[in-house]
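Peer 1: Knowing the structure of chain A, use the given hints to seat chains B and C on it.
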Amino acid sequence: MESQSGADVFFVLMGAAMVLAMHSGFAFLEVGTVRKKNQVNALVKIITDFSVSTVAYFCIGYSVAYGVDFFVGSDQLMEKNGFALVKFFFLLTFAAAIPAIISGGIAERARFWPQVVASTLFVALVYPFFEGIVWAENYGIQEKIASMFGAKFHDFAGSIVVHAMGGWLGLTAVITLGARLGRYDKHGRVHAIPPSNIPFLALGSWILVVGWFGFNVMSAQSVQGISGIVAVNSLMAMVGGVLGALVAGKNDPGFVHNGALAGLVAVCAGSDVMHPVGSFGVGAAAGVLFVYAFTLCQNKWKIDDVLGVWPLHGLCGAWGGIACGIFGQKALGGIGGVSFMAQLVGTLGGIIIALIGGFLIYMILKSTVGIRLSHEEEYQGADLSIHKIGANPEEEAGRL
Amino acid sequence: MESQSGADVFFVLMGAAMVLAMHSGFAFLEVGTVRKKNQVNALVKIITDFSVSTVAYFCIGYSVAYGVDFFVGSDQLMEKNGFALVKFFFLLTFAAAIPAIISGGIAERARFWPQVVASTLFVALVYPFFEGIVWAENYGIQEKIASMFGAKFHDFAGSIVVHAMGGWLGLTAVITLGARLGRYDKHGRVHAIPPSNIPFLALGSWILVVGWFGFNVMSAQSVQGISGIVAVNSLMAMVGGVLGALVAGKNDPGFVHNGALAGLVAVCAGSDVMHPVGSFGVGAAAGVLFVYAFTLCQNKWKIDDVLGVWPLHGLCGAWGGIACGIFGQKALGGIGGVSFMAQLVGTLGGIIIALIGGFLIYMILKSTVGIRLSHEEEYQGADLSIHKIGANPEEEAGRL
Amino acid sequence: MESQSGADVFFVLMGAAMVLAMHSGFAFLEVGTVRKKNQVNALVKIITDFSVSTVAYFCIGYSVAYGVDFFVGSDQLMEKNGFALVKFFFLLTFAAAIPAIISGGIAERARFWPQVVASTLFVALVYPFFEGIVWAENYGIQEKIASMFGAKFHDFAGSIVVHAMGGWLGLTAVITLGARLGRYDKHGRVHAIPPSNIPFLALGSWILVVGWFGFNVMSAQSVQGISGIVAVNSLMAMVGGVLGALVAGKNDPGFVHNGALAGLVAVCAGSDVMHPVGSFGVGAAAGVLFVYAFTLCQNKWKIDDVLGVWPLHGLCGAWGGIACGIFGQKALGGIGGVSFMAQLVGTLGGIIIALIGGFLIYMILKSTVGIRLSHEEEYQGADLSIHKIGANPEEEAGRL
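Taken in order, these protein sequences are the chains called A, B and C. Here the working numbering is used: the first residue of the first sequence is 1, the next is one more, and so on. Here the working numbering is used: the first residue of the second sequence is 1, the next is one more, and so on. Here the working numbering is used: the first residue of the third sequence is 1, the next is one more, and so on.
This is chain A alone, in the form it adopts within the complex (with noise of 0.2 Å):
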C-alpha cells in the first residue's frame, strides 16, 4: 500500500512536471506568431501568470474547487509522501492554463498589470466554480443532470473545464479590447499581420504536444487508474488534427502545427471512453474547424484573436464536450456511459460561465484602471514599452 502510494505521487508529479512544461509551449506559441516587438511580452506573460496562478489558486482556488484549505488543515501537508501535495500541483498546471490561453488572444496590445489581476480573479474564483461543479461535484449539479439525462457530464481531462473556459473567457478578453492598431480599417478592409517566427511557433506547438500526454494520460491521478486507451485515443486525436488541417489549411504550416493541438484539445473530454478511431474522426474535425473558424474570425468577423484561443480553445473544446457524447456511446464504438444530453448541457453551462464571469470582469478592468495600451506604446510595441528591451537587443543596439 505504501508502495503503491509512492508510485502514485510519482506518476501524478511526472504529470505535473509535463503540464508544467507545457507553460513554456503557450510561450513559444505566442513567441512565434507576434510580431518581434512584441516577443519579450509574451515570454514575460507566461512566466508571470503562472506564478500568480499558482499563489491565486494556492490561497483560494483550490479550496473553492476542493474545499482544501492548505491553510487550516496544515498537517496533510507533511502527511506520509504528500500526495495532496502533488495533486495540487497537477491541478495547479491545469488552473494556469487559463491565462496562458487567453494570453495569446490578447497579444500585442493588452496593458500587463491589468490582465495580471484578470489571471488572479479566474484562477482564484471562476475557474475553480465551474471545475468543483464538474469533478468535485460541488452543489449537487451533477448529481440533478444524471438525474435528468442519465449520465453525469463527463470531461475526462479539460475539454470544457480548461480548453473551453479558457477560450471562451479569451473571446470575452479579445472582445473588450478590440482588435489591434492597422488590422482593419475604417474602409472594412482586412490588413494581414504576419508571424514573426514559424520555428517558434512549431517549437511551441511540439511542447504542447508532448506535454498533453501528461495532461490527459495523469488524470488517472493513479498509477492503477492509468489507461493505454487515454494516451492512443490523444495519439489519436493529435494526428487527425494534423492531417485535417494540413488539408484544410492547404500546407500552412501555423495551421498544421495548431491543428495538432485543436485534435487534443478536442479528445481530453472523451480521452478515456472513445474508440481510437473515432478520437481520429473528432481530431480531423477539430483540425477542420479550427482552419475554417480561425479563418472567419479573423477575416469575416473582425475578431482580432491573434493566437485563434477561441477558435482553437473555445470551439474545439465544445465540440470535444459533445463528440465525447457521440463517440462515447457503444454504438460508434466507444465504452459507453455517457449522454450526449448532459455533454451538451455540461459545455452549454461551462461557455455560459466562462462569458459572465469573463465579460463581468473585464469590463470592471476596462471602466476603471483600462486595459489596454496607449496607441503610442502599442505601436511602439510591448517589449520596448512595457519590458524596456526587444527580443535582440544585441542587433538592436547595432552592435552586431
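Put simply, identical chains are the same to the list, so a pair is met inside one copy or across any two.
Calculated cross-link-like contacts (lysine-lysine; reagent style BS3-like; alpha-carbon spacing at most 25 Å):
no.: 1; residue 1: K250; residue 2: K388
no.: 2; residue 1: K388; residue 2: K302
no.: 3; residue 1: K186; residue 2: K300
For the record, the hints were derived by calculation from the structure and aren't laboratory data. The model shown is predicted, which means the values in this text are computed figures rather than measured ones.
Peer 2: Same frame as chain A, but now just chains B and C:
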C-alpha cells in the same frame, strides 16, 4: 499484479512520450542545418510524416510486424489498463522515426506529397517486415540464425531495425533524387552550402539525446525488465560520440552535436549486453566514423545527403549492430550471449531489405509522379513553393 | 521487492533524464545572454563539459565521493536492474552542473581547452570531495557537526553541494580571467553589453525549471522516499523567485526568467523540511537578492560575471543553505531536525572549499597554459576563433 500492470503502462507511456519528443528533435536538427528558405518545409514534413506514419502503422504496419489487428480484436483495446495500446504507441514512435530520418537526407529539393506516399509505404510495409523478423521472430528466421551461429540476431533498441533501416532507405532516396542545385558543378567542384542556424541544430540534437533514454531504456517494455546498464551504456556512448567527433571534427559544432547522436545510434543494439567502457569505445568510434564518412560523402563521393543521415543512422547503425557482437562478448567485459556472425548477418539483412525496398519505391515514384521539385521551385525554396510562407514572414514582409 | 527495485530504477532514471535535459537549458540560457559571436561556443562548451565530466566522474569523482570503483567491483555493474548504475547517472548529472554553471560566468573570453581541463579537475576532485563529506558522510565530519550543533548539515538537493560550489568556483574563474574587452574603461565607466536573444534565454530558463523537478524530487532516490512536499516547495520557491525578480527587476525579462532559477537554487537545501509558504518566502527573497546582487556585481564591483552565476548559484545557493536552518524549524512551519548553526557552518565550508579549489586551479592554469583568448580572438568572437563557424553561417555567407 494489477499494480505491476499499471506501472508497466506508466513506464512504456513515458518512453513513448520521450520518443515522441524526439520527433521535434529531428525537426529542429533539420531546421538548423538547411537553408532558411527550407525551414518551414522541414517542420511540416516531420509532423506530417509522424501523422501519416501513425495511421499507416495502426492500420497495417503493426499487424505486419506483430499480427495484432486493431480492427478485429477490438476488445483488447478496452482491456484493463490498455498495455497493448501503449505498447503500440511506443513502437509507433520508433516506426515513425524512419521517415523522420529520411527527411534530413532529402531536404531542400524533394516534393511533398510523393514523399508522404513513400513514408506511408515504408512504415506500413518495409519497416515492419524487418521489425517483425527481428523482434517478433516472424518466419522463424531468428531461430535459423540461432541454430547456425549459436545466438539470435540481437538488436535491443534498434541500431539496425530503426537506424540502419532509416539511414539506408535515406541513401536510396538521396541517390534517386540527386544533389541540390549548385551543390556540385560540371567541373567537379564542390560548393559548400552552409547551415542556417546552429542553435536550432543544437536544440534538435539535445532533444534527441534526452529522448533517446526513453528510446533505449523503455525498450525493456516492463518495469521489471528495466536495466540501469542500458541507461549508463547509452550515456557512455553518447559522451564517447561527442568526444570522438570533437577531436576528429576539430571543434565544429555540427560535428559535436551530431557526434552525440552517432554514439547513441551505435549503442542501441548492444546497450543491454556491453560494458560501459565498451560502450564508450563504440560511441567514440561512431563519432569519428561520422565525421570522416560525412566528409567523404559530401566532398569525395558527392552524395548530397544534407544532414548526413546515411553516415549517422546508416553507417553508425551498422557499426552498432556489428559492435554488439564484439563488445557484448564476455571476453570484452560484456554479458555475452551474442554472436559476431549473427550480428553481421542481421545487419547485412537489414541493409539489403532497406536497399531493395527503398530503390523500388523511389524508382516507381520517380518514374510515375516524380519526386523532385522543379528547378524554379527549388531555387525559390520549399517554403514558399510548397507552403506559401517563409520561416520569418514578418521580416520578409518588411514590417519590422 | 524486485518490483520495488525496478520502480526505483525507473524513478531515478527519470530524474537523470530530467537533469540531463537541464544541461541544454544551461546552454540556451548562455546562448541567449551572450553576444551572437559567442553563441556556438556556448553550445559546444556545455556538451563538451558534460562529456568530459562523465568520464572524470566515472573514472575518479564517483569513487572520491562514494568509494565505488567501477573498474574493480565490476560485477555490481551487471547486478539485477542496475540500480547502482542509474544512481551514478543521476549523480553525474549533478556533478556535470559544476562546469555548466561556471561556463556562464566566463563566457565570451575564455580559452576552450584550458577550461576543459579545469572542468575535469573540478568534477574529478573538488566537487566530489565536498559532495562526499555532505552526502556520503565521509571523514566523520557530519557526525562532528551533529555532535556540536544537534543536527547534521542538511542539503537535500544541493543548494550548497551543487549550486554554491558551482557559483563560487565561477567567481574564482571570473576574477582570474578579468572582464571582457570594453566592458569597463579606464575612466571607470561601465559599458553595457546587451544580450543577443531573449527567447533563447527564456527557453533555457524554462528547460531548467522543468528539469529542476527531477533534480529536487528524484533526490529521494527511491519511490518509497518520494515526497510531494519537495515538489510543491520547489514550485512555491520558483514562483516566489519570479515574482520577487519581477518587482525588483521592473519587469525585465532576463531578471524574471533568472528569478525562477534563483528561487529554485535557494529551495534545494530545505525543500524536504520547509513549509510551502516558507519556501515561497525563501524563493521571493532569492529573486530579489539576485536582481540587486547582479546589478551591484556588474555596475559597482565590476565583476564581469556574464550570466550572473555567482549571484544566482553562489549567493542564492548560500542563502538557501542558511534559509533551510531558519524556515526548516518547526516554529516557522517546517518539519524540524535542522540546525541554524550547522547550516551556517556547512555553507561556509562549501564556499571555502570552492574558493581554495577554484583559485588554485585557475591560478595554475593561468600561469602555465593561459586561460584567456587573445584580444584579437576575443574581438572576433569565440565562435570564429575557436570553432571556425558562426551561429548563422548561411546569413554570414551572404547567401540569403
